[in-house]
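Given the structure of chain P, go ahead and fit chain G onto it with the hints provided.
Sequence lines, in order, name chains P and G.
The numbers in our numbering rise by one with no breaks, and the one at position 285 of the first sequence is 285.
The numbers in our numbering rise by one with no breaks, and the one at position 66 of the second sequence is 66.
Derived from the structure by calculation, the hints contain no laboratory data.
Among the hints, a few may not be true.
Computed list of lysine-lysine pairs in BS3-like fashion (alpha-carbon distance at most 27 Å, straight line) [as the list claims (entries may be wrong)]:
1. G:Lys13 <-> G:Lys77
2. P:Lys561 <-> P:Lys491
3. P:Lys100 <-> P:Lys244
4. P:Lys343 <-> P:Lys355
5. P:Lys100 <-> G:Lys77
6. P:Lys561 <-> G:Lys13
7. P:Lys100 <-> P:Lys491
8. G:Lys81 <-> P:Lys561
9. P:Lys100 <-> G:Lys13
10. P:Lys437 <-> P:Lys26
11. G:Lys77 <-> P:Lys491
12. P:Lys437 <-> P:Lys100
13. G:Lys13 <-> P:Lys491
14. P:Lys100 <-> P:Lys26
15. G:Lys13 <-> G:Lys81
Covered by chain P, per the in silico footprint, the following chain G stretches (three or more residues, Cβ under 8 Å) [what the hints assert, rightly or not]:
16. 22 to 34
17. 74 to 81
Nothing here was measured: the structure is a model prediction, and the numbers come from that model.
Heads up, the beta-carbon is just placed ideally off N, CA and C, and yes, glycines get one too.
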Amino acid sequence: MSQFAINLLFVGGSFLIYIGIAIWAKAGSTSDFYVAGGGVHPVTNGMAIGADWMSAASFISMAGLIAAGGYANSTFLMGWTGGYVLLAMLLAPYLRKFGKFTVPEFIGDRYYSSNARLVAVICLIVASVTYVIGQMAGAGVAFSRFLEVEATNGLIIAAIVVFIYAVLGGMKGITYTQVAQYCVLIVAYTIPAVFISLQLTGNPIPGLGMFSTHTESGLPLLTKLNQVITDLGFNQYTADVDNKLNMVLFTLSLMIGTAGLPHVIIRFFTVPKVSDARWSGGWALVFIALLYLTAPAVASMARLNLMTTIYPEGTQAQPIEYDQRPGWIATWEETGLITYEDKNSDGRIQLYNDKNADFAATASERGWAGNEMVVNNDILVLANPEIANLPGWVIGLIAAGGLAAALSTAAGLLLAISSAVSHDLIKGRLNPNISDKGELLAARISMAVAIVVATWLGANPPGFAAQVVALAFGIAGASLFPALMMGIFSKRVNNIGAISGMLSGLTFTLVYIFTYKGWLFIPGTNTLADSPENWILGISPLSIGAVGAIVNFAVAFAVSKVTAEPPIEIQELVESVRYPRGAGTAHDH
Amino acid sequence: MSGHSYDAENYWKANLRLIFGSLIIWALVSYGAAILLRPMLAGIEVGGTDLGFWFAQQGSIITFIILIFFYAWRMNKIDEKFGVHEE
Numbered sequence: 001m002s003q004f005a006i007n008l009l010f011v012g013g014s015f016l017i018y019i020g021i022a023i024w025a026k027a028g029s030t031s032d033f034y035v036a037g038g039g040v041h042p043v044t045n046g047m048a049i050g051a052d053w054m055s056a057a058s059f060i061s062m063a064g065l066i067a068a069g070g071y072a073n074s075t076f077l078m079g080w081t082g083g084y085v086l087l088a089m090l091l092a093p094y095l096r097k098f099g100k101f102t103v104p105e106f107i108g109d110r111y112y113s114s115n116a117r118l119v120a121v122i123c124l125i126v127a128s129v130t131y132v133i134g135q136m137a138g139a140g141v142a143f144s145r146f147l148e149v150e151a152t153n154g155l156i157i158a159a160i161v162v163f164i165y166a167v168l169g170g171m172k173g174i175t176y177t178q179v180a181q182y183c184v185l186i187v188a189y190t191i192p193a194v195f196i197s198l199q200l201t202g203n204p205i206p207g208l209g210m211f212s213t214h215t216e217s218g219l220p221l222l223t224k225l226n227q228v229i230t231d232l233g234f235n236q237y238t239a240d241v242d243n244k245l246n247m248v249l250f251t252l253s254l255m256i257g258t259a260g261l262p263h264v265i266i267r268f269f270t271v272p273k274v275s276d277a278r279w280s281g282g283w284a285l286v287f288i289a290l291l292y293l294t295a296p297a298v299a300s301m302a303r304l305n306l307m308t309t310i311y312p313e314g315t316q317a318q319p320i321e322y323d324q325r326p327g328w329i330a331t332w333e334e335t336g337l338i339t340y341e342d343k344n345s346d347g348r349i350q351l352y353n354d355k356n357a358d359f360a361a362t363a364s365e366r367g368w369a370g371n372e373m374v375v376n377n378d379i380l381v382l383a384n385p386e387i388a389n390l391p392g393w394v395i396g397l398i399a400a401g402g403l404a405a406a407l408s409t410a411a412g413l414l415l416a417i418s419s420a421v422s423h424d425l426i427k428g429r430l431n432p433n434i435s436d437k438g439e440l441l442a443a444r445i446s447m448a449v450a451i452v453v454a455t456w457l458g459a460n461p462p463g464f465a466a467q468v469v470a471l472a473f474g475i476a477g478a479s480l481f482p483a484l485m486m487g488i489f490s491k492r493v494n495n496i497g498a499i500s501g502m503l504s505g506l507t508f509t510l511v512y513i514f515t516y517k518g519w520l521f522i523p524g525t526n527t528l529a530d531s532p533e534n535w536i537l538g539i540s541p542l543s544i545g546a547v548g549a550i551v552n553f554a555v556a557f558a559v560s561k562v563t564a565e566p567p568i569e570i571q572e573l574v575e576s577v578r579y580p581r582g583a584g585t586a587h588d589h
Numbered sequence: 001m002s003g004h005s006y007d008a009e010n011y012w013k014a015n016l017r018l019i020f021g022s023l024i025i026w027a028l029v030s031y032g033a034a035i036l037l038r039p040m041l042a043g044i045e046v047g048g049t050d051l052g053f054w055f056a057q058q059g060s061i062i063t064f065i066i067l068i069f070f071y072a073w074r075m076n077k078i079d080e081k082f083g084v085h086e087e
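Same shape as in the complex, but just chain P (with noise of 0.2 Å):
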């Protein structure tokens, strides 16, 4: 069989699957709509989370940067994890306590606002909106390169099955297709590295294999890539980092925006008690975990094998020839994410750092001329079980594991944006005596126009599509998280307080985003070029949400220290979500 035929198998398999489950789990109610029903169990909630959080740049991006960056990227490891510590203490058992549909329904309640609402509505739509866009492009890519199919064409394939589950079945359709999902993206991800570990180190867990001998060497197999890497002008991947302030800062802002994601957050409303809701956060990270404790090992492992392949005789001896270089190697130069250019004329391969100064002269002794090949950071996973001569079936695999990543985020941040359309603005807003079946109806719509949206976004994806995840966890992290959290642990924060501090900590991440990156990522209109030596005490745009969070909370504080206490009623309420005793499941108002 051709890989062609292997990779349509699997694709196509995982299809039918997800689609058979939209069938069985079809909504009756806008309870089962948004969220399903309120009686899924907290493992099985605890995998959809898995699938719901971890996307096409978990799935395919975050290994290849932290093979490129080596220590300085265990940002991404410790960020996107360490905020279901927060969710789990701080937000989801007291949301699931209130009760109600969706992110906005509580801060509109809680600060007796309707503009407190409609503030939280915009955030949410323009953080899951953003989010979407890399996922319907991430698909895409996953489409065109596994069924030769084109970008578009593949996307559109992709946006049909989204629509059948999301449409017809809501959340509870989403929640059995994540966990199916979850299944298939995970044991996709995990089967390359373990066959890869075994054959580097002869540890079959990959997260202990990371820190075991290399076999070959003799060397742990960490300090043997220092050394490999090193050899080749490049940095030690062990590395410390000089900015600690800026590696603080970006962790918390990855922290607190994983926290206040409205798509990750609505998944906890739908187990049947508070105590779930505390147990789903612990298993939704156990399932995450997984796939983050592995790629680590994933990154530091296939950048020695890369090494390895160009320098098959040591990085002291010659670099393998052009026209010898392995088959996998062939197959990615042609999606152009891998090129090469023979600088030197001598038909070899000459992989090394030539922006290091002090590795010049080393380079030009060698009759080198400049770095020849360039490679793509999001290809290592992909290619992984090429570059480990693993069979093809594992390939087929690898294209339904990337797809499904890509495709339960996806559904997750739509089912989070056609609920705030449907519930907060159409019945909380413009036809509050809407039925039940009308409003389920008008689910259904503002659910297929996001998935008509984001796939035309998705297909003409604007420049500024890799800039947006800071944009996502700027604005989820500076305005939600910090609504939220004071919602429930104060009862003296205020509906102007909560407004004053929502929109001074969103305006302060998004001058601080745009004066670097281009206001509304137009580029050349930048105020001050994206260089460290202009960051303000050293901190990135893409680390500012932190910062962006203690303004909301001062703003929000000072604000309400001097303007009236909120009323009796509403200080009941945050008493109420404090004690678990008395929660239904989500109910409407």
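Then chain G, alone, in the frame of chain P:
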């Protein structure tokens, strides 16, 4: 739950104490061991590198999982002790 009773207040204080303690550990493993204190822990070797690197790429995540399960278990006990658990 009537709200302002003495027990309710103690229940909430017990929750805050537990959260506070957990978040100290949360910060110590990630911002502490993995980032700010890494140079101090550089002498402790773990598989070809140092303890700080291990915390940054493995240890902090494992600690986060333990923290959440510990919190869920303790809180469910505290719920019962104060009689605010769900029926």
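Do the hints match the structure? See the list:
no. : hint                  : result
1   : G:Lys13 <-> G:Lys77   : holds, 14 Å
2   : P:Lys561 <-> P:Lys491 : holds, 11 Å
3   : P:Lys100 <-> P:Lys244 : violated, 40 Å
4   : P:Lys343 <-> P:Lys355 : holds, 15 Å
5   : P:Lys100 <-> G:Lys77  : holds, 26 Å
6   : P:Lys561 <-> G:Lys13  : holds, 23 Å
7   : P:Lys100 <-> P:Lys491 : holds, 20 Å
8   : G:Lys81 <-> P:Lys561  : violated, 35 Å
9   : P:Lys100 <-> G:Lys13  : holds, 26 Å
10  : P:Lys437 <-> P:Lys26  : holds, 14 Å
11  : G:Lys77 <-> P:Lys491  : holds, 25 Å
12  : P:Lys437 <-> P:Lys100 : holds, 18 Å
13  : G:Lys13 <-> P:Lys491  : holds, 15 Å
14  : P:Lys100 <-> P:Lys26  : holds, 21 Å
15  : G:Lys13 <-> G:Lys81   : holds, 13 Å
16  : 22 to 34              : holds (count 6)
17  : 74 to 81              : holds (count 3)
In summary, the structure is inconsistent with hints 3 and 8 from the numbered list given earlier, while agreeing with the others.
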